[in-house]
Every structure is written in structure tokens, then in C-alpha cells.
Amino acid sequence: GNSVTQMEGPVTLSEEAFLTINCTYTATGYPSLFWYVQYPGEGLQLLLKATKADDKGSNKGFEATYRKETTSFHLEKGSVQVSDSAVYFCALSPTGFQKLVFGTGTRLLVSP
Amino acid sequence: DTGVSQNPRHKITKRGQNVTFRCDPISEHNRLYWYRQTLGQGPEFLTYFQNEAQLEKSRLLSDRFSAERPKGSFSTLEIQRTEQGDSAMYLCASSLAPGGRTFYEQYFGPGTRLTVT
Numbered sequence: 001g002n003s004v005t006q007m008e009g010p011v012t013l014s015e016e017a018f019l020t021i022n023c024t025y026t027a028t029g030y031p032s033l034f035w036y037v038q039y040p041g042e043g044l045q046l047l048l049k050a051t052k053a054d055d056k057g058s059n060k061g062f063e064a065t066y067r068k069e070t071t072s073f074h075l076e077k078g079s080v081q082v083s084d085s086a087v088y089f090c091a092l093s094p095t096g097f098q099k100l101v102f103g104t105g106t107r108l109l110v111s112p
Numbered sequence: 001d002t003g004v005s006q007n008p009r010h011k012i013t014k015r016g017q018n019v020t021f022r023c024d025p026i027s028e029h030n031r032l033y034w035y036r037q038t039l040g041q042g043p044e045f046l047t048y049f050q051n052e053a054q055l056e057k058s059r060l061l062s063d064r065f066s067a068e069r070p071k072g073s074f075s076t077l078e079i080q081r082t083e084q085g086d087s088a089m090y091l092c093a094s095s096l097a098p099g100g101r102t103f104y105e106q107y108f109g110p111g112t113r114l115t116v117t
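Taken in order, these protein sequences are the chains called A and B. Using my numbering, the letters of the first sequence correspond one by one to residues 1 to 112. Using my numbering, the letters of the second sequence correspond one by one to residues 1 to 117.
The set of hints was computed from the structure by calculation and includes no laboratory data. Errors might be hidden in some of the hints.
Calculated cross-link-like contacts (lysine to aspartate or glutamate; reagent style EDC-like; alpha-carbon spacing at most 20 Å) [to be verified]:
# : chain 1 : residue 1 : chain 2 : residue 2
1 : B       : K11       : A       : D54
2 : A       : K49       : B       : E44
3 : A       : K68       : A       : D54
4 : A       : K52       : A       : E63
5 : A       : K49       : A       : E16
6 : A       : K49       : B       : D24
7 : A       : K60       : B       : E52
8 : A       : K52       : B       : E105
Restraint ranges, calculated between C-beta atoms of paired labels, are given here [claimed, not checked]:
#  : chain 1 : residue 1 : chain 2 : residue 2 : range
9  : B       : S58       : A       : T71       : 18 to 26 Å
10 : B       : G16       : A       : D55       : 21 to 29 Å
11 : A       : N22       : B       : T2        : 34 to 42 Å
12 : B       : S58       : A       : R67       : 39 to 47 Å
13 : B       : G72       : A       : F18       : 44 to 52 Å
14 : B       : T76       : A       : G9        : 18 to 26 Å
15 : A       : K60       : B       : L60       : 26 to 34 Å
None of the values given here were measured: they were computed from a predicted structure. Backbone N, C-alpha and C fix where the C-beta goes; we use that ideal spot for every residue, glycine too.
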């Protein structure tokens, strides 16, 4: 079946630290991969996406590379800010389907 | 464009009662999705519509659940004879998709939090 596994949180960092949130997936075919972010009190927002192997998605200083050989899509940011504190969800869309399959989410807490 | 809206934002009901939630998608979006999110978990897909047609339903959508999108605009999700296990956040999303197998970005609403006592 299709599933997403991401690291448990919370991840606690100081401002300007380097961020990595690990995400691995299991899927048949060639899924599209996504990172969504949920800020406190708000709905899920698409942060970045990649639709084929070796694609790099990027947005707001965040990056993730679609690695088919390791079935991974790790989220990285070089220097986090307090405003990045949120819950981050890794997700995939199975080939030919319209639904999203989400991981359990990772809470990021950034302190000044 | 005011985004996806959901009503009510919170609902507390007693076990055995029926509840109905409403989702208003972004205008002109032809696809509408429902997801359920329990505490500490990611959202789980329930069903989706293209215009007024319900094209896919998850096995999570038991017989007590029914979703409609009668005119291809807003949608309702009804839960009959609620159980404590139905307590969750119910999320709605919409997308504008011309068709085919390509995935198009889904825009999420703020959700309706259901508590069954």
C-alpha cells in the first residue's frame, strides 16, 4: 500500500539553526511528493512539491529532493526563524489518484 | 477569493445524534475533497467529488457517513448515529483540475472539530 513515515517531534531548534525533517515513503508507481505546513490556528498550506525523481521542490527557503533510490523526501532549511514554528506534514499522491496520503506530522518549535 | 470555508468550526454532540458539516470551496474549483484528522495523526482521505459526481470513497467512509455536492458547489458531510470514535477534525479541500491523471494543488479549509460525548 501507500504510506508515509516522518520523524517524530517535537523538533526544538534555536533561531538560525539548520533544519532537517526526515520523510520516507512506500508507494507503487511514481507518486508525487509534497510538504504541507500547518501554522497554529490555520489550515494546511502547500509548502513545496516534487513530481518526479531527482526533482527539487523549494519555497520560502525550504527545500526537499525526491530521492527514488532511498524513497525519501527530507525537508531542509538552512536557517530557521521563530515564524517557522508549525507542524509539517509529508504527503504523497499515488500515481493516477487524486487523494493525498499524509504522514503523522512533525512539530517544529523555534526559540529566539 | 476568500479561500475554502467550513461551518461550523466546532461541534459538540452526544453519541447517537446526527451531525452535518458544510464546506464551501474556492469558487470555480471543480474538485472537492474530505479528509479526517485525529489527534496526533495526519489527515486521512475520505472522499472526493468532481463537480457533483462522487468519484472515490475510502473504506474509512462507513455506511453512517454520507457526502453530497448537489450542484457542484458547496458540499455537506453527514454522520448518522455518531460514535465517540468519530471525534476528529474534518477537513475540506478544493482544487481546480481540468481532468486526467495529473495531481493539482489542493487548498484546505480550517476544518470542523467534532467532539462526540
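- Task: State the violated hints by number, sorted upward, taking the hints as numbered earlier in the document.
- Result: Hints 1, 5, 6, 7, 10, 12 and 14 are the ones this structure does not satisfy, whereas the remaining hints hold.
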